[in-house]
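J.: Following the hints, complete the assembly by docking chain B with the ligands onto the known chain A.
There are 2 protein chains.
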Amino acid sequence: MSFNFVKEAGKFLCIGRNYVAHIKELNNRTPSQPFFFLKPSSSVLLPKDGPILVPKGVVVHHEVELAVVLNKQLKNLDPETFTAEDALDAIAGYSLAIDLTARNVQDEAKKKGLPWSIGKGFDTFLPLSPFISKSQIPDPYNVQLHLKVNGETRQDDLTNLMIFPVHQIFATMSSIMTLEKGDVILTGTPKGVGKLVPGDHVEAFISVDGKVIPESVIDVE
Amino acid sequence: MSFNFVKEAGKFLCIGRNYVAHIKELNNRTPSQPFFFLKPSSSVLLPKDGPILVPKGVVVHHEVELAVVLNKQLKNLDPETFTAEDALDAIAGYSLAIDLTARNVQDEAKKKGLPWSIGKGFDTFLPLSPFISKSQIPDPYNVQLHLKVNGETRQDDLTNLMIFPVHQIFATMSSIMTLEKGDVILTGTPKGVGKLVPGDHVEAFISVDGKVIPESVIDVE
Ligand SMILES: [Mg+2]
Ligand SMILES: [Mg+2]
Ligand SMILES: [Mg+2]
Numbered sequence: 021m022s023f024n025f026v027k028e029a030g031k032f033l034c035i036g037r038n039y040v041a042h043i044k045e046l047n048n049r050t051p052s053q054p055f056f057f058l059k060p061s062s063s064v065l066l067p068k069d070g071p072i073l074v075p076k077g078v079v080v081h082h083e084v085e086l087a088v089v090l091n092k093q094l095k096n097l098d099p100e101t102f103t104a105e106d107a108l109d110a111i112a113g114y115s116l117a118i119d120l121t122a123r124n125v126q127d128e129a130k131k132k133g134l135p136w137s138i139g140k141g142f143d144t145f146l147p148l149s150p151f152i153s154k155s156q157i158p159d160p161y162n163v164q165l166h167l168k169v170n171g172e173t174r175q176d177d178l179t180n181l182m183i184f185p186v187h188q189i190f191a192t193m194s195s196i197m198t199l200e201k202g203d204v205i206l207t208g209t210p211k212g213v214g215k216l217v218p219g220d221h222v223e224a225f226i227s228v229d230g231k232v233i234p235e236s237v238i239d240v241e
Numbered sequence: 021m022s023f024n025f026v027k028e029a030g031k032f033l034c035i036g037r038n039y040v041a042h043i044k045e046l047n048n049r050t051p052s053q054p055f056f057f058l059k060p061s062s063s064v065l066l067p068k069d070g071p072i073l074v075p076k077g078v079v080v081h082h083e084v085e086l087a088v089v090l091n092k093q094l095k096n097l098d099p100e101t102f103t104a105e106d107a108l109d110a111i112a113g114y115s116l117a118i119d120l121t122a123r124n125v126q127d128e129a130k131k132k133g134l135p136w137s138i139g140k141g142f143d144t145f146l147p148l149s150p151f152i153s154k155s156q157i158p159d160p161y162n163v164q165l166h167l168k169v170n171g172e173t174r175q176d177d178l179t180n181l182m183i184f185p186v187h188q189i190f191a192t193m194s195s196i197m198t199l200e201k202g203d204v205i206l207t208g209t210p211k212g213v214g215k216l217v218p219g220d221h222v223e224a225f226i227s228v229d230g231k232v233i234p235e236s237v238i239d240v241e
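As they're listed, the protein sequences go chains A and B.
The opening residue of the first sequence carries number 21 in my numbering; numbering runs sequentially from there.
The opening residue of the second sequence carries number 21 in my numbering; numbering runs sequentially from there.
Please keep in mind that the hints were generated in silico from the structure rather than gathered at the bench.
Wrong hints could be hidden among the right ones.
Which copy is meant is left open, so a pair is good if it fits within one copy or across any two.
Below, simulated DSBU-like cross-link-like pairs (lysine-lysine); rule was C-alpha separation at most 30 Å, straight line [unchecked claim]:
no., residue 1, residue 2
1, Lys231, Lys76
2, Lys76, Lys201
3, Lys27, Lys44
4, Lys44, Lys215
5, Lys92, Lys132
6, Lys131, Lys211
The following block holds chain A by itself, in its conformation from the complex (with noise of 0.2 Å):
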């Protein structure tokens, strides 16, 4: 079980609003094409640094997402010819995220115009799981996403339920900034986000036919 992923990775990438279900429960539109934003790495959560800081005033809501880790630089791709299979060729490997989002913040700076960074940005916003090997994932879009708080389910979806597959993210995101060897993308999350207050129990984990994959397991308070 490994985390050297993280220091390697030299930047953070979300998509937003990727899964149909998950956009009406918070009654957005769906993008015409994908958009997507940044979170710094100070807000990396690994096991080793405790539990997810909610801070003062803030309404925390979690969004298990899958996240690739690419083995090499993309830039300027072609979404005419870059295909799922190319996207594959360019994956190092997984890693279960969760995108925790200060909602409040976030709601104020989506009715001022302004950027999503601090609603998305507090430190432990982004616990993952160890690296997860192609070979535990031959199919991206044959991936159950598990999320529990205090032991019940509140999210659980499978990835085919995508709007945007991988490789047109990586089409769309690469035509905007290269992406670099090491760049973590997370992919969206499906429906069920909600609250969590300090104390809570999170866990979450991938399946993959059934069979729960052990590196994906994020367990924190």
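T.: Leaving out everything else, chain B with the ligands in the frame of chain A:
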């Protein structure tokens, strides 16, 4: 002249709306406290990297800004007790930066309540000068920021016009995300922002008491 600080930077943080006359020129509201956003390391433009890229359909605006480089970690600073002098102690040195902005992309994002990461994060959107030692800038509020396009002055103001001083910026940022040694923080742009087109010759530099700092010079197409 050294750019080593760029490799050491874990993140690039930028304050928005920190000069009154700039807020007015874009018809924005003055924030009651500092807000900020992240630029990716992939957007840094060094002299060897070639020209500023103007993506198709994008209106690129220049924003010249004083950047500070941290020499230590700053975490949960108390805004009541963290002083201007404490902030100076935490500064390793400076750089001149141009926070290039895809203004039409940003305007659209503001209208739709979307993140600023795309509008601020294109490749080449962060030209930086070499590292400027603290001895050359004894007072960060006595820094004249200059930006010329094709020989014509577009921006020319003193940093004492900042709304939020550096210690307040550090305190606010550190209460949200831990600032790390090496992080680079852009302190906002004065009035005079405007459009760049391919082939424009952009010169930016700092003067202190009328004397140009050679390390501060940015000269790009
Ligand atoms: Mg998310
Ligand atoms: Mg780094
Ligand atoms: Mg700016």
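J.: Take the hints in turn and mark each one as holding or not.
T.: Status of each hint after checking the structure:
no. : hint               : verdict
1   : Lys231 with Lys76  : neither (38 Å within a copy, 46 Å between copies)
2   : Lys76 with Lys201  : between (36 Å within a copy, 26 Å between copies)
3   : Lys27 with Lys44   : neither (35 Å within a copy, 41 Å between copies)
4   : Lys44 with Lys215  : within (17 Å within a copy, 38 Å between copies)
5   : Lys92 with Lys132  : neither (37 Å within a copy, 33 Å between copies)
6   : Lys131 with Lys211 : both (22 Å within a copy, 25 Å between copies)
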